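2 protein chains.
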Amino acid sequence: MHSTITSLSPGIARITRFSPHRQKPEGAGDMTQTNAVWVMNRHADGPMSDDNLVLREQPMPEPGEGEIRVRGVYLSLDPTNRVWLSPRYTYLPPIPLGDPMRGFIIGVVDKSRAPGWAEGDIAYGLMQWARYSIINPDRTAFMMKMPAPTEVSLEASICALAMNAHTAYYGLLLKGQPRPGDTVLISGAAGATGVQAGQIAKIAGCRVVGIAGGAEKCAMLVNELGFDAAIDYKAENVLEAIGRTCPDGVDIFFDNVGGPILDAALAHLAMGARVVICGGISDYDNIEDPDALYGVKNHFMLLMRRARMEGFVVFDFLGGADQQRCERDLTRWFQAGRLKYQAHVVEGIEHAFPSLKLLFNGGNRGKLLVRLDRD
Amino acid sequence: MHSTITSLSPGIARITRFSPHRQKPEGAGDMTQTNAVWVMNRHADGPMSDDNLVLREQPMPEPGEGEIRVRGVYLSLDPTNRVWLSPRYTYLPPIPLGDPMRGFIIGVVDKSRAPGWAEGDIAYGLMQWARYSIINPDRTAFMMKMPAPTEVSLEASICALAMNAHTAYYGLLLKGQPRPGDTVLISGAAGATGVQAGQIAKIAGCRVVGIAGGAEKCAMLVNELGFDAAIDYKAENVLEAIGRTCPDGVDIFFDNVGGPILDAALAHLAMGARVVICGGISDYDNIEDPDALYGVKNHFMLLMRRARMEGFVVFDFLGGADQQRCERDLTRWFQAGRLKYQAHVVEGIEHAFPSLKLLFNGGNRGKLLVRLDRD
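Top line first, the protein sequences correspond to chains W and C.
Count along the first sequence starting at 1, add 568, and that's the number in the working numbering.
Count along the second sequence starting at 1, add 568, and that's the number in the working numbering.
These are calculated hints, taken from the structure and not from any lab test.
Just to be clear, a hint being listed does not mean it is correct.
Identical copies go unnamed one by one, so any copy, or any two together, can satisfy a pair.
Simulated pairs of lysine to any residue, SDA-like, Cα-Cα distance not exceeding 25 Å [as the list claims (entries may be wrong)]:
hint	residue 1	residue 2
1	LYS802	LEU665
2	LYS925	GLY773
3	LYS770	GLN892
4	LYS770	MET839
5	LYS925	GLY888
6	LYS770	PRO615
7	LYS802	GLY863
8	LYS743	LYS770
9	LYS743	GLN892
10	LYS713	GLY782
11	LYS802	GLY817
12	LYS743	ASP884
13	LYS925	GLN601
14	LYS743	LEU665
15	LYS713	ALA783
16	LYS743	ASP678
17	LYS679	GLY632
Note that the structure is predicted; figures quoted are calculated from it, not measured.
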C-alpha cells in the first residue's frame with residue numbers, strides 16, 4: 569500500500585506523495601469500459617473481517633434523466649463506515665448484500681443529465697465506494713457542489729469544507745451552543761472531525777482540550793491547531809487528566825469515542841453542560857450485540873449537573889436553514905487559515921477496505937482518504 | 569404506624585383516615601416548649617439504615633428579622649430524600665452531621681417577621697423534617713405561599729399544586745416539549761410526580777403509557793387517571809411491553825427510575841425523542857459508589873435516533889419566567905378536576921424516617937405524606 573501524509577494546511581502544507589502517479593487498480597479491468605465497486609459481501613457482526621466487502625468489476629454506469637455521473641477523485645474513509653457494515657438498522661438502513669458500499673466521494677462530473685450540473689463541476693456527497701457513481705443530486709441525502717480546483721484543491725475541499733467539517737460545525741455550534749469562555753472537551757480530537765470541531769471551538773472563543781492517542785497527536789493538537797491542552801489517553805488516567813485540564817468542569821463534551829472516555833467526561837460536567845454525541849468508535853464492533861455494549865455509569869450526572877446529552881447526524885442538517893451559513897463560515901475560516909487539516913492519502917481503490925482499519929488502530933495521521941483517480 | 573389512604577380526588581375523594589385525631593409524637597416532649605427535629609446522624613453509604621436520621625427534641629426556634637416560623641402540617645416524603653442522605657455533593661450539598669434533615673413541608677405561619685407574610689398564611693417549601701421550621705422566604709430555594717384552606721385543602725395543595733406537580737410541569741412541558749399526538753412513556757408512573765406528569769401529558773394531547781409495579785397501580789393509571797396503557801414491570805418483560813404499547817416509538821420518556829427500565833425505553837426511542845431524567849430511584853443506593861451504578865448500554869440510541877437525554881432539578885425553575893404560568897395552569901387544571909391525586913398519610917413525625925422505605929419497596933399507595941399536626 570502506498571500512502572502519503574499531507575501536513576497541516578493551507579499555510580504550511582507540504583505535499584510529499586510517495587506514489588505521485590496514478591496506479592491502475594488491480595483486478596478492476598479497463599477503466600474506460602468498466603467500473604470498480606466495493607460491494608457488500610458479508611455484514612459485520614463484530615470486528616471487521618477481510619471479506620465484509622469485495623471489489624467487483626461492473627459495467628460502466630450511464631446517468632438517467634435527472635442524474636449525473638461522477639468520476640471519483642477521493643474517497644473519504646470514516647469511522648461510521650463500520651456502522652454501515654452492520655446488518656441492523658442503525659441511523660441509516662443496512663446495505664443489502666451485493667449492493668455497493670456507501671461512502672463520501674469528491675469527484676468530477678463527467679456526464680450530466682441533471683439541471684444545474686455541468687461536465688467539469690466538482691461534486692461531493694454520499695455516493696459509493698466506486699470509481700464512478702451515478703447520483704440524482706436532488707434525491708441524495710448529502711450532495712454539494714464544491715469550489716473549482718483553481719480555488720480550493722479537491723484534497724482541501726474534502727478535508728476542510730466537506731462532511732467532517734459540517735459535522736463539527738453543526739454538532740459544536742448548534743448542539744453544543746458554545747459561549748465564549750466555555751471549556752470544550754473533545755474526544756477523538758486528532759480525527760478528521762475532532763480537529764475541525766476543536767478549531768471551530770477556538771473560533772467561538774472557547775478553551776479547548778483534546779483527547780487523543782499518543783504524544784505525537786497530542787503535540788499536534790496543541791502546537792499546530794491551537795488547542796489549550798491535550799490528554800494522551802494511552803499514557804494518562806483520563807478521569808484524572810480531565811479534572812486537571814478542566815478545573816472549572818466541562819461545558820461541552822464533543823464525543824467521538826464513547827465507552828470509558830464518555831464516562832470520565834460525564835464525571836466532570838459543569839452545571840448546564842452539553843454532551844454532543846457525534847460518534848462512539850470504541851463500541852462500533854458491538855452494535856450488533858447490545859449486551860456487549862459498554863454500560864455508561866455516570867449518566868446520572870446529567871441530573872446532578874442539569875445537563876443534556878444529545879446525538880445528531882449531519883445528514884439531518886442538509887438543506888436546512890443553517891446550511892448556507894455553514895458553507896459560508898467554513899469557506900471564510902478556511903481562506904483565513906483558521907481551519908487547518910492534515911490528509912493521509914492511500915493510493916488506489918483496491919486499498920480502500922484494507923485501509924479502513926487504520927481508523928480503529930490509530931494508524932492514520934490526519935484525514936484518511938483513498939485516491940481513486942487524478943484530480 | 570397509623571396510615572390512611574385518600575383516594576383519587578378532588579371529584580372522587582374518600583377520606584378514610586385510620587387515626588383521625590392528632591397524636592402526640594412520642595419522645596418529642598411538650599410541643600408548646602420544644603421542637604421535634606429529625607437530624608443527620610450518619611450518612612447513607614448504600615442501603616438506608618435505621619440510624620441515618622434520629623429524632624431530637626430541640627428548643628422552640630424563634631424567627632429573626634426577615635424570617636417566618638412555620639408550624640408544619642404535612643411533611644412530603646420523596647425518593648430524592650434518599651439522595652439527600654448521601655455524604656457526597658449530589659445536586660445539592662450534603663447535610664452536615666447533626667443538622668436537620670431537609671424536606672418539603674406545608675404548614676401555617678405562626679410568627680412572621682418577614683414582609684409580605686402574616687400569621688395564618690399557608691407556606692410551602694423546602695424546610696426541615698420538624699414540627700416547626702424557621703425560614704427566610706426570600707433566601708429559600710423553594711418557597712411559595714399556597715391557597716387558604718378554605719379554597720384548597722392543605723392535603724390537596726401539597727399533592728397536586730406543590731413540588732411534585734411543579735416537577736412534572738417543568739419536566740414534561742419545558743424539557744419534554746410535547747406535541748399533540750406524541751407518545752409519552754413514564755416510569756414510576758404511579759408515584760407522586762408520575763401521576764401528575766401523566767395527567768399533564770394527557771392535557772397536552774399526548775398518548776400516555778405508564779410503567780408501574782403491580783396490577784393495582786396499573787389499573788389505577790388507566791381507569792382513574794386516563795392513561796392509555798400501563799406496563800406492570802413486576803409481571804411483564806418491559807422491553808417487549810414498551811414495543812407493544814408504543815408501536816410508533818417513544819417521543820418523550822419521563823424517567824423516575826433509571827437502570828434497566830431506562831435501557832429498555834432507550835431501545836424504543838422515536839426519531840428526535842426527548843428523555844427527561846427526573847430521577848433514578850433504582851440506583852439511589854449506589855450513588856456513593858459509582859462502580860456499583862447500573863451501566864446504561866443503549867445510550868447509543870441517542871445518536872441513532874437523533875435524540876436527547878436531559879436531567880433537570882425543579883429548584884432551577886423557581887423564580888424563573890415560567891413559575892407564574894406553572895402555578896396558574898396547575899390551579900386551573902386542578903379546579904377543573906383534571907389533576908387528580910391520591911394521598912397516603914402516615915400520622916406522626918416519629919414515623920417519618922421509618923416510612924421513607926415505603927417509597928423504595930412499593931409500599932405506598934399515592935403521594936406519601938407525614939401528618940405533623942392538625943390543619
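Checked hints:
Neither within a single protomer nor between protomers do LYS802 and LEU665 lie at most 25 Å apart by alpha-carbon distance, with minima of 37 Å and 42 Å respectively. For the homomeric pair LYS925 and GLY773, neither the shortest alpha-carbon distance inside one copy (35 Å) nor that between copies (49 Å) is at most 25 Å. Taking identical chains as interchangeable, the C-alpha atoms of LYS770 and GLN892 lie at most 25 Å apart only when both belong to the same chain, with a minimum of 21 Å there against 39 Å between chains. Taking the shortest alpha-carbon separations for LYS770 and MET839, only the intra-copy value of 21 Å comes in at or below 25 Å, while the best inter-copy value is 31 Å.
Taking the closest pair of Cα atoms, LYS925 and GLY888 never come within 25 Å of each other, the shortest separation being 33 Å inside a single copy and 51 Å across copies. In this homomeric assembly, LYS770 and PRO615 never come within 25 Å of each other (Cα to Cα): the closest approach is 36 Å inside a single copy and 46 Å across copies. In this homomeric assembly, LYS802 and GLY863 come within 25 Å of each other (Cα to Cα) both inside a single copy, at 21 Å, and across copies, at 23 Å. Within a single copy, LYS743 and LYS770 get their C-alpha atoms as close as 16 Å, which meets the 25 Å cut-off; across copies the closest is 29 Å, which misses it.
In the homo-oligomer, the alpha carbons of LYS743 and GLN892 lie at most 25 Å apart inside one protomer (17 Å), although the nearest pairing across protomers, at 29 Å, exceeds that limit. Proximity of LYS713 and GLY782 under a CA criterion of 25 Å is satisfied in neither setting, with 36 Å inside one chain copy and 59 Å between copies. Taking the shortest alpha-carbon separations for LYS802 and GLY817, only the intra-copy value of 22 Å comes in at or below 25 Å, while the best inter-copy value is 40 Å. In this homomeric assembly, LYS743 and ASP884 come within 25 Å of each other (Cα to Cα) both inside a single copy, at 12 Å, and across copies, at 21 Å.
In this homomeric assembly, LYS925 and GLN601 never come within 25 Å of each other (Cα to Cα): the closest approach is 31 Å inside a single copy and 77 Å across copies. In this assembly of identical chains, the alpha carbons of LYS743 and LEU665 never lie at most 25 Å apart, being 35 Å within a copy and 42 Å across copies at closest. In this assembly of identical chains, the alpha carbons of LYS713 and ALA783 never lie at most 25 Å apart, being 38 Å within a copy and 60 Å across copies at closest. Taking CA atoms no more than 25 Å apart as the test, LYS743 paired with ASP678 passes in neither setting, with 38 Å inside one copy and 50 Å between copies.
In the homo-oligomer, the alpha carbons of LYS679 and GLY632 lie at most 25 Å apart inside one protomer (10 Å), although the nearest pairing across protomers, at 85 Å, exceeds that limit.
In summary, the structure is inconsistent with hints 1, 2, 5, 6, 10, 13, 14, 15 and 16 from the numbered list given earlier, while agreeing with the others.
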